[in-house]
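**Q** Below, each chain spelled out in residue letters.
2 protein chains.
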Amino acid sequence: MSKKLTKRSEDYSKWYNELVIKADLAENSAVRGMMVIKPYGYAIWEKMQSELDRMFKETGHQNAYFPLFIPKSFFSKEASHVDGFAKECAVVTHYRLKNADDGSGIVVDEKAKLEEELIVRPTSETIIWDTYKRWVQSYRDLPLLINQWANVVRWEMRTRLFLRTAEFLWQEGHTAHATKEEALEEAQKMHEVYTRFAEDFMAIPIIKGAKSENERFAGALETFTIEALMQDGKALQAGTSHFLGQNFAKAFDVKYATKEGGLDYVWATSWGVTTRLIGALIMTHSDDQGLVLPPNLAPYQVVIVPIYKSEEQLKAITERVQAIVVSFREKGIRVKYDDRTTHKPGWKFAEYELKGVPVRLAMGPRDLEQATVEVARRDTLEKQNMNQSEIVTKVSALLEDIQTNLFAKAKNYRDEHITEVDSFEEFKEVLNTKGGFISAHWDGTVETEKRIKELTKATLRCIPLDAKEEEGKCILTGNKSNKRVLFAKAY
Amino acid sequence: MSKKLTKRSEDYSKWYNELVIKADLAENSAVRGMMVIKPYGYAIWEKMQSELDRMFKETGHQNAYFPLFIPKSFFSKEASHVDGFAKECAVVTHYRLKNADDGSGIVVDEKAKLEEELIVRPTSETIIWDTYKRWVQSYRDLPLLINQWANVVRWEMRTRLFLRTAEFLWQEGHTAHATKEEALEEAQKMHEVYTRFAEDFMAIPIIKGAKSENERFAGALETFTIEALMQDGKALQAGTSHFLGQNFAKAFDVKYATKEGGLDYVWATSWGVTTRLIGALIMTHSDDQGLVLPPNLAPYQVVIVPIYKSEEQLKAITERVQAIVVSFREKGIRVKYDDRTTHKPGWKFAEYELKGVPVRLAMGPRDLEQATVEVARRDTLEKQNMNQSEIVTKVSALLEDIQTNLFAKAKNYRDEHITEVDSFEEFKEVLNTKGGFISAHWDGTVETEKRIKELTKATLRCIPLDAKEEEGKCILTGNKSNKRVLFAKAY
Chain L
193 MSKKLTKRSE DYSKWYNELV IKADLAENSA VRGMMVIKPY GYAIWEKMQS ELDRMFKETG
253 HQNAYFPLFI PKSFFSKEAS HVDGFAKECA VVTHYRLKNA DDGSGIVVDE KAKLEEELIV
313 RPTSETIIWD TYKRWVQSYR DLPLLINQWA NVVRWEMRTR LFLRTAEFLW QEGHTAHATK
373 EEALEEAQKM HEVYTRFAED FMAIPIIKGA KSENERFAGA LETFTIEALM QDGKALQAGT
433 SHFLGQNFAK AFDVKYATKE GGLDYVWATS WGVTTRLIGA LIMTHSDDQG LVLPPNLAPY
493 QVVIVPIYKS EEQLKAITER VQAIVVSFRE KGIRVKYDDR TTHKPGWKFA EYELKGVPVR
553 LAMGPRDLEQ ATVEVARRDT LEKQNMNQSE IVTKVSALLE DIQTNLFAKA KNYRDEHITE
613 VDSFEEFKEV LNTKGGFISA HWDGTVETEK RIKELTKATL RCIPLDAKEE EGKCILTGNK
673 SNKRVLFAKA Y
Chain X
193 MSKKLTKRSE DYSKWYNELV IKADLAENSA VRGMMVIKPY GYAIWEKMQS ELDRMFKETG
253 HQNAYFPLFI PKSFFSKEAS HVDGFAKECA VVTHYRLKNA DDGSGIVVDE KAKLEEELIV
313 RPTSETIIWD TYKRWVQSYR DLPLLINQWA NVVRWEMRTR LFLRTAEFLW QEGHTAHATK
373 EEALEEAQKM HEVYTRFAED FMAIPIIKGA KSENERFAGA LETFTIEALM QDGKALQAGT
433 SHFLGQNFAK AFDVKYATKE GGLDYVWATS WGVTTRLIGA LIMTHSDDQG LVLPPNLAPY
493 QVVIVPIYKS EEQLKAITER VQAIVVSFRE KGIRVKYDDR TTHKPGWKFA EYELKGVPVR
553 LAMGPRDLEQ ATVEVARRDT LEKQNMNQSE IVTKVSALLE DIQTNLFAKA KNYRDEHITE
613 VDSFEEFKEV LNTKGGFISA HWDGTVETEK RIKELTKATL RCIPLDAKEE EGKCILTGNK
673 SNKRVLFAKA Y
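These protein sequence lines are chains L and X, in that order.
Per the working numbering, residue 193 is the first one in the first sequence, and the count goes up by one each step.
Per the working numbering, residue 193 is the first one in the second sequence, and the count goes up by one each step.
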């Protein structure tokens, strides 16, 4: 298979699709819209999971597991939730197959029809709140701080690997609190956890904002979002944290005995990130040569390739490399030594470039003599020689430098692609030429927001939390506005 | 809620059900046969996962993720697999819901009927082998050593928490090899990994054996099993590893170019353990006071409870305890300090006894003066006082001792419950009085095995790998036999 990718400038979408396949991250399966996450892609997800899981536990959360199926009637219980989620779902109607009478294969056994259909969870608020009803009686049971790692299914019509798939993996946090203030604080805390994860691990600069009423999660009073910008100027929602008020507590009748002896509904939050983050990671950092991974999430941070002509040379190199591998591991650096004899060094170089390994070392006979190593960094493609004696210290510093550099580069691009506009003409002009986030005044109504989307395909990404108070006029209606919000075309 | 459990001797089954609920491990959900795994139960599963995952990776395996749904037609491709798995399955027939015309709620949209029904995976051989067809071309692509952590659904009619549920969590390994020998070796290697995990972490003594043809996995040529014995004398299959021959490669047409330039079908294995292991863990070690957890899998190995009358005393105790907590953590001991003021010490003691925390420390004002701590071990319920200065070393040794003791106790019980019998009368007598494994001669036929099951409800658990060659006569038919096999009633 050719390792050459379509250039981003030629066809960004094609570049992305090819990269996901050629870097061995994921592929389509025999089931429409559902992907197979390949070992290399899954290793990135595992790294994400382990960092997020640690952050959740450090903020007091525990994991639990709730059923895959939800009774159909549960979706009708929270009025706005049903419109948002109960539509494009996988529906289980039967529980048995049988051999066809005519011997043609297996068929659904019509006798095994469920009394009530079961929905494969598109999100778990309903089944979880049905459970919380049994878990919460008194203020002593609160707060309830639970997270679930799970698969969910949403029957998307147009799917793309990682970005939009009928099944995806995610985590969903669901918490219950005694007061409104505490629940709001929790939603904000997790918003901040997501921001830290995106910036410090994924090296993706984030705009923290709130969603407009129109873009809120179905059933939420407030949705906090982290918005990222991809290299083609389109925005991507990378994670959301919802303040749900008492909506689900009321829908599922979850009350608690207060300290003062009263009885009140509890307050809720939910928050989630998905395997979509892998799509964001790819589209933020990668280049025409392939994937570029930030060291903090790379399955292998360093790969070492031996260059040799004879068995004897390979043996001598391997011996030297093994000592280096040990010292890397002692430093906590994830390293792989690729001594496969089935592939040539050039093939391996291309392979690891495509797979975005942050640092590649090469060691040949001359390096053995001179006690040097060739070091190539993936982000800038620069090479240099280093002494073997200082390799661990220097590569360790290099990995930090790459992590910092990737973030700085992405932030630079992002900052250059936030454009303030003051008229609708300008809005359309910027959207169709430069792209990126457009900072504009908006009159605060759902109607205007929808009209702008109809006219331009741009959506209101968020109301930035740090937006300045500023008098202005809505770019579409000319009505009053007191702060700028961000629009963009989005994934 | 009363913490008192039904005694095992009174009603073992009732004891188990009560224990799972009262120790906060799991509960039934609103969906028939599907459980909610509560945080404490899930924490045990996470510990199991992390140890197993480490063992899998150390033996060269990588994780990946395959679709939740499998096209119905895939099940017909491997002849024996279809009979074993395609029956009691959840079937997805539609992909959309809509509001009912009469406003009565939401209904299935009949227009959104799938052309081919999708089955919620009961196991993933078929979808994975359909994928391997694309991944395997040459001997260079082999071996393929993949594991998946996932949820699966089997529509069980009679369910019990952890032991048999319609949805359960598991891992399923699926490997592909160039030769028969290598695949067989892999199946045996994972059999050994399961044995080590069961004995060293779960403290459950295991009999390693092979399944008879009748009890083999649907599609396997050989099924290796680890069989455990519960305290009520019933056996439990705790994990299986299958040598699948070329059955799935042939069904899904997975061939590879050999080193010699030929073309051949690959050889396969699959292996799995499930959340059922938590049921085995409970039933092996726990007692009439509640759960007993082996330290190697306990979410908390040590809990510390302060005993105080005044705020001042609590403050002084907390200060002393915090230093101890730090030194425990430095030693890698998982410790919890329960300084909740909402519950009394006696309540906490009962709680942690019920939840099986291996070691419980208590510190009161007198301990502060005398620099002592009260130490209670969960397995024997013995108490002693220790000096604070040696607490970390002594508790560390105590945890090891508890781990060893639990295994020894379980092994002693198990060994006492393997009974050799030489007649069918004796077989029935032992089965109905003493229980446990019955070691008996069997003529090797499926008919005899089935007849014994019909007559006694005992199943052939396994042919132990270390069974001695021994001339004998089948207990039922009197036909020739050359080794003893193990029968038992089983979960």
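No lab work stands behind these hints: they were computed from the structure.
Every value quoted in this text rests on a predicted model; they were computed, and no experiment measured them.
There's no promise every hint is true.
Note that identical chains are pooled: a pair holds if it fits in a single copy or bridges any two copies.
In silico DSS-like links for lysine-lysine, alpha-carbon gap of 30 Å or less [what the hints assert, rightly or not]:
| hint | residue 1 | residue 2 |
| --- | --- | --- |
| 1 | K214 | K451 |
| 2 | K325 | K536 |
| 3 | K199 | K536 |
| 4 | K528 | K239 |
| 5 | K279 | K305 |
| 6 | K249 | K507 |
| 7 | K507 | K681 |
| 8 | K603 | K675 |
| 9 | K447 | K507 |
**Q** Now look at each hint and say whether the structure bears it out.
**A** Against the structure, the hints:
1. K214 x K451: between (59 Å within a copy, 25 Å between copies)
2. K325 x K536: Intra 61 Å, inter 26 Å, cutoff 30 Å: inter-copy only.
3. K199 x K536: Within. Shortest intra-copy distance 26 Å satisfies the 30 Å Cα cut-off; inter-copy 67 Å does not.
4. K528 x K239: Close inside one copy (16 Å) and across copies (27 Å); limit 30 Å.
5. K279 x K305: Both ways: K279 and K305 sit 21 Å apart in one copy and 13 Å across, limit 30 Å.
6. K249 x K507: Between copies only: 26 Å across chains, 45 Å inside a chain, cut-off 30 Å.
7. K507 x K681: neither (55 Å within a copy, 57 Å between copies)
8. K603 x K675: Cα proximity of K603 and K675: one copy only (23 Å, versus 72 Å across).
9. K447 x K507: Intra 70 Å, inter 34 Å, cutoff 30 Å: neither.
In summary, the numbered hints that this structure violates are 7, 9.
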